[in-house]
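Protein chains: 4
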Amino acid sequence: MILVTGFEPFGQHSDNPSRELAKAVDGRRVGGQDVRGSVLPVHHSEAAVAVERLVSELDPMAVLHLGLAEGRARIGLERVAVNALDYSIPDASGYRAIDEPCVAGGPAAYASTLPLRSILAALTAEGIPAFISNSAGTYLCNQTLYTTLHLITTRRLRTRVGFLHLPLLPAMVAASGLDQPSMSVATMLRGVEVTLEVIAATGAGELRRTR
Amino acid sequence: MILVTGFEPFGQHSDNPSRELAKAVDGRRVGGQDVRGSVLPVHHSEAAVAVERLVSELDPMAVLHLGLAEGRARIGLERVAVNALDYSIPDASGYRAIDEPCVAGGPAAYASTLPLRSILAALTAEGIPAFISNSAGTYLCNQTLYTTLHLITTRRLRTRVGFLHLPLLPAMVAASGLDQPSMSVATMLRGVEVTLEVIAATGAGELRRTR
Amino acid sequence: MILVTGFEPFGQHSDNPSRELAKAVDGRRVGGQDVRGSVLPVHHSEAAVAVERLVSELDPMAVLHLGLAEGRARIGLERVAVNALDYSIPDASGYRAIDEPCVAGGPAAYASTLPLRSILAALTAEGIPAFISNSAGTYLCNQTLYTTLHLITTRRLRTRVGFLHLPLLPAMVAASGLDQPSMSVATMLRGVEVTLEVIAATGAGELRRTR
Amino acid sequence: MILVTGFEPFGQHSDNPSRELAKAVDGRRVGGQDVRGSVLPVHHSEAAVAVERLVSELDPMAVLHLGLAEGRARIGLERVAVNALDYSIPDASGYRAIDEPCVAGGPAAYASTLPLRSILAALTAEGIPAFISNSAGTYLCNQTLYTTLHLITTRRLRTRVGFLHLPLLPAMVAASGLDQPSMSVATMLRGVEVTLEVIAATGAGELRRTR
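Residue numbers (my numbering), protein chains in the order written: chain A, 1455 to 1665; chain B, 1455 to 1665; chain C, 1455 to 1665; chain D, 1455 to 1665.
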């Protein structure tokens, strides 16, 4: 079982490709693994609660979070989640944060446990623009990657956890009138499929030191 | 009859979306107009010769040139072609140019005669990222737009002429490893179809002053 | 005599480097030429009136217009002015334009008559980031370059005319909080001095065909 | 005592603003603190050795590392150093790295212990473009920030540690011919002075948990 999550639209956006993709892969079977897609609220505390419930219920071998990264031209494979919340776009509850931790007393960062290098090679071979990103930002995307890695680590689970950041959809750019890169939902969906195939083929991770 | 042209690959590129699109629309019928697609050589003098032959042979009501604009995120509707050739990437014959005119003694620029504002509105309504561009550069794309407008003007034809600049294809960006925007061929093809529909509905242009 | 013009601040900007530079060079003597600096209103019709009055009064051997190009990282030596006004940021009188001509019935464009290649070489040798730009946009900067070149051409004057587009000042970027390039006023001022030296050494231009 | 470090030029660069600034502040006194400037080799193991020696010798209240971030428009106050080395530009010894740790078995990241928010406010008030950056990359800049924070943490020192990433110098951009932002050495130097004033006024940090 692999859990794939997307987010609801947020800020001035009326759509969110991560939501579309999480819905699109829900119920599929990839590389011998069932795929469960779920859409998370853009909420500084409820998103983590939802992930914790899903992990407890599903006991997935991997969690692949998806989120929107406006302005990016390629799919970003996030290398790390930092223990920082710092954003001016309010979340769904109107919350904003300046230099708060994701988890008080938590480590400065967690590294993603997905096989990023293999995923990048597979995406590139498939002709899908992607790169390994060194920052998932300090908004709810980074927070979700951090809190899920914190959950897995403190519970001593072998679940692999990672995050793909997605460009805007073409229609979102067309509607905005802004000069921003985009990626079609078909290309992104193929990217998620390829990523799930690599994750399924890699198997579960090692236990991580709790410290 | 509407003539659509693309270009062969050039520089370090092994593909060119403009070529794929010119081939894809060749032989179609859009808005009551036959469409003829043709691929031009990336050559500082042969491209114009090929266009002149096609215009003489086909007597099209419009010429829509397509070309690649590496680095751009949206389809660019070119407003104007300037009388300047200035490029360091050699063309197919190895030719480079510094501050040469496209046509010696020609006017400083020609304005596109396509209904750009209507095309932009139609593309935006269709969810295709596009904008009106104020510069087609000083490479062979600009030259081709200039020489075709010069041909139409000096021959006193009513043929409408314009240029769409296209982003890189996703596979070209994936192969390059560079951080560059791309657009899927499906999105671009829909963009060309929408553009042809608007052109067909608009009809031929007025005679332009030769000056 | 060389006339250097800048613009008043506009839009949300409280400053304009072109104004500072026009004031800074006013009254200087460069390469045997007196320099007169003047600040133009950001107004779709009054700017051209002011330039016409200054040209009539001063009979300069060259006119160097300066303006702000938010988002640019280097000094832009504008190659051409196109006969188009198209902007959504209102000018000082609240005026906006969509696809209007700068001069009804005027040619599609005028080429700058400054020795751009020599100026670029001199700036580069001085360590000042600069480039030859193929578009001055469709706001009042382009309009001013167009109307001055139109004036010179229709009056059959030998005055050289050109436009330098300048980056934001560092303090403007700091105040905005946006991720935008800037250039110090000292670097820009040296750039204008170098440009004036090249212009003074080049001398007046040839008469241009009115057509 | 505050230790300021810069780096030697690297890659295709013939200069490095961080080197110029480290030299410029060497021997100054700011906010009651002596400043010692030192230039580090761009070497994957020798840079850390040099820092360790300087920290042992000088026992500074703070270490401010400076480095070059080509392509950035503003001074970046690095929030975090991640335990990753991943770069294709060889260091001074020809070394390249793919997904190596900075310190084997070290934590995924260390957070900077400089008062970033106060420094940002002071720089902004001074009109110097700056921002809090969430990634120092995975080259030697990030490594140096990581290894110094690791040193301070494992030695249980109260020394504050941070990193400022600097744009290219204008002359470096002019020489490259590329479209890249730059910042004058005068603006950067003022930025370093302001940063040192804030650090001196803030005092030493708290002891950090070794984990």
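By construction, these hints were calculated from the structure, which means they are not laboratory data. Where a beta carbon is used, it is the ideal one built from N, C-alpha and C, also for glycine. Take these hints with a grain of salt, some might be off.
[Unchecked claim] What the simulated footprint calls covered on chain D by chain A, stretch by stretch (three residues with Cβ under 8 Å from a Cβ of chain A suffice, anywhere in the stretch; the number is not a length): (1) 1455 to 1469; (2) 1560 to 1566; (3) 1627 to 1635.
[What the hints assert, rightly or not] Derived list of chain C stretches under chain B, where covered just means 3 residues or more per stretch with a C-beta under 8 Å from a C-beta of chain B: (4) 1503 to 1510; (5) 1524 to 1537; (6) 1579 to 1589.
Hint-by-hint comparison with the structure:
A stretch counts as covered by a chain when three or more of its residues have a beta carbon under 8 Å from one of that chain; for the stretch 1455 to 1469 of chain D and chain A the count is 0, and the coverage is violated. For the stretch 1560 to 1566 of chain D, the stated coverage by chain A holds: 5 residues have a C-beta nearer than 8 Å to a C-beta of that chain, and at least 3 were required. With 0 residues carrying a beta carbon less than 8 Å from a beta carbon of chain A, the stretch 1627 to 1635 of chain D misses the three-residue requirement, and the given coverage is violated. Remark: the stretch 1503 to 1510 of chain C is not confirmed as covered by chain B, as 0 of its residues place a Cβ nearer than 8 Å to a Cβ of that chain, below the required three.
Proximity of the stretch 1524 to 1537 of chain C to chain B, defined as three or more residues with a beta carbon under 8 Å from a beta carbon of that chain, is established by the 4 residues found. Counting residues of the stretch 1579 to 1589 of chain C whose C-beta sits closer than 8 Å to any C-beta of chain B gives 3, which meets the bar of three, so the coverage hint holds.
The structure shown violates the earlier hints numbered 1, 3 and 4.
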